Amino acid sequence: MITQPRVPAIAADPEEEQRRVQTERLLAYRDDGPLVSVLKGRVGRGLPPIPSLLVALLAIVALAVTGTLSDGPILLAPVLVLVVLVVTTGSRDHLGRFDWLAPPLLRAAEFVTIILLGLAEDTPKWLLFVLIYIVGYHTYDTVYRTRQGIWPPAWLFMAGLGWEVRLLILAVGAAVGQLTVVAAILTAYLLVLFSVESVLSWVRLDKASAQARAEQDLEQSPEEAAEELTGRADRN
Amino acid sequence: MTRVVLLGSPPGPIGSPLPGGQHVPATDISLASQPGAPTVYGRLLEQLTSLDPQPTTIARPGDAPAYRAHAGQVVESQDLAGDLRALADVAEGATENMLIMPADSLAHDELIYQLTKAKRAAIALIVRDPESAAEEPSPGEARPEIGGETLEGLPMRTRVGLGRVISVGTAYHAVTRPNAALLGPLHLHLRHTALLAETARELADLAHLFGPEDDVTELLVLGLVRKGVSVGLYERAGEFYARVRDQREADEAQVAMSGYDEDRVRLDNAVKGADGFFTTFFVSTYSRFIARWAARRGMTPNQVTLISIALGLLSAGAFATGTRWGAVAGAVLIYFAFVFDCVDGQVARYARRFGVLGAWLDATFDRFKEYAVFVGLAAGATVSGKFGDGEGVWTLALVALALQSGRHLLDFSFGAANRRKPPAPLPTLELKVVDDVKLREELERRRTVKRGGVSGLLKFWTDAGRFRSVHWARKMIVFPIGERFAAIAITAALFDPRVTFLTLLIWGGVAAIYTLTGRLLRSLA
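Read top to bottom, the protein sequences are chains A and B.
Numbering-wise, the first sequence is residues 1 to 236 according to my numbering.
Numbering-wise, the second sequence is residues 1001 to 1525 according to my numbering.
There may be inaccurate statements among the hints.
Derived coverage of chain A by chain B (criterion: at least 3 residues anywhere in the stretch with Cβ under 8 Å from a Cβ of chain B; other residues may be distant) [what the hints assert, rightly or not]:
1. 22-32
2. 90-100
3. 106-114
4. 153-160
5. 168-175
The calculated lysine-lysine pairs, modelled on DSBU-like cross-linking and capped at a C-alpha distance of 30 Å, are [stated by the list, open to error]:
6. K1421(B) <-> K207(A)
7. K207(A) <-> K1272(B)
8. K1421(B) <-> K40(A)
9. K40(A) <-> K1227(B)
10. K1386(B) <-> K1117(B)
For the chain B half of the interface with chain A, some residues (derived, Cβ under 8 Å), not all of them [stated by the list, open to error]:
11. A1397
12. L1401
13. R1419
Keep in mind that the hints were calculated from the coordinates and are not lab data.
The structure displayed is predicted, hence computed values, not measured ones.
Just so you know, even glycine gets a beta-carbon here, dropped at the ideal spot from N, CA and C.
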């Protein structure tokens, strides 16, 4: 459970380096799991992320409002749509001008699907609340760590199962009518994994580097940062 | 650590010589009313020792022995060209950020601290012409000039914009509409030190063109600006700074300085700028005094964070009772949880105690508190029995959680993608060119290009921030943390959890659409 700063092999051009690091952050925010990484490089270029995500989200919403999500195997549908359309987009470089939408859209799709499955199966909402909180916690933690220039280890994203395997597990659970049990086990597992790893890593990092970039505000929005720098509001 | 360079030879005055004749080295000016009655130079070294215990002082041969009596290295230089070359030598070998200060500086610690911790890669201390504050762009073309006016005894030959130095003049270089003077201190990030060295050498070769009133930092900033470096501005916000060239000036400056409250400035600087409406007007007005109180009692920022977490959990517990009094108590507790959440950062900045763990604790438990209160409210709704089995309210809580996490991720992702775009390079200009007309024409041309289409719309919206009402409305619409906590407290105390969640969903939804629209437009522009 060591978090290491990623040192580039060669000191590249600073602008190029900046682009590489920020893109890597964007990809880390997606929180892709084992399935995406297995398919990476085996399915060609992959689909463009934003159109695929928008189509998948529309399909999920359509399934929900038409009341199709009742019971049984049909509950696999939203997850399958999302996984089929989006799983190959992880291979894309995410350099497009709208590709910053990919992580929030992906997380939105994940949360919406969890809520829809839970509503269809009458799973206790507090359990889903904890599940969404811990998945969200992992994302926040990824953001905060990369802002300090340190990265969660690659195995954590695999062990965290990624959005795709988490959703597949929940969908199977819902399809066989055991969503509550499956969600409870998944939530407990993720809760232990993400919180223990996170706390240990931060305590270790705190001891290792008393300074790092401790002064920076981890929660600042991009507009706030610009405003602080120039003393001028530039919000939208 | 920082590499500190002190400039031992101040510039001469414009026109008539100093009333007292020759300048007095900073080693010979005493500060009788300061603790220990140090000399100006001795005090400055003392202040800078934590940054660089061995600073380099560039001095005229006649003054050098006096400077040598102190810590640090002394480099002798005959003239302005020598000063610039000596500085280039230091900058070339620099492996850290650089702070350049006149040796005759009388400054508050807080000013030096603020300069060295600024986020700008290059930042200079300036003073604006008080008369140009309300300046309107006058009709007709302004001509570049070599002005003879002074501010605090230094030539007013710099043009500054909102956030950076636009153009610098000297006895040789003319500047359009000068509105500020450079006071001397200049802080540079490591990545600019090589360019500084190169620029200083080029300037040294041009030294015969400059006048006796041209200060070394003025020339350096001129060089940096003309090479396309964005040099940020630092204006005193209640900190004291003056250059004292003789005993009389020092005595006057000490009297003036005794009227300043450095601790208060330090406290004010500890309050984060750019906060939302609720935070600014209902928390930041007094939270700094709690911060000072806590810091003086030796509390660490992390202890304050723990108080805030405890208050947040108590608030969630109070909401979970599902009673009216529980809701009112929860509202008060969540307000104070938020106040202490602001205080922890202020304690860290005021006491200058930063830690990686503290930054993480603060950020992580902000989320935790907020979502714990959601749980409290939903549990309270279930317990109260007013909402059936409470599952409906829980669903609202669930959606509110998803929405808020999604909005945060939207911020984070856009921020990361935004940082990929290299900033548009600033126009450059040869050092030898006399006036800055070309520089300004290029800036004007860019402004015109940007005026059309989506960029024009964005610029219009940015400029609308001049109006206070628009400024605050824009801040409120994005539903920042202060507004969220206030909305929870007020709606929960007055109404019921369902109203609270609906408020969060509607306001949060509007905020999401607003920020998304702006960012989509900016991605297009």
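Hints violated by the structure (numbers, ascending)
Violated: hints 4, 5, 6, 9, 10.
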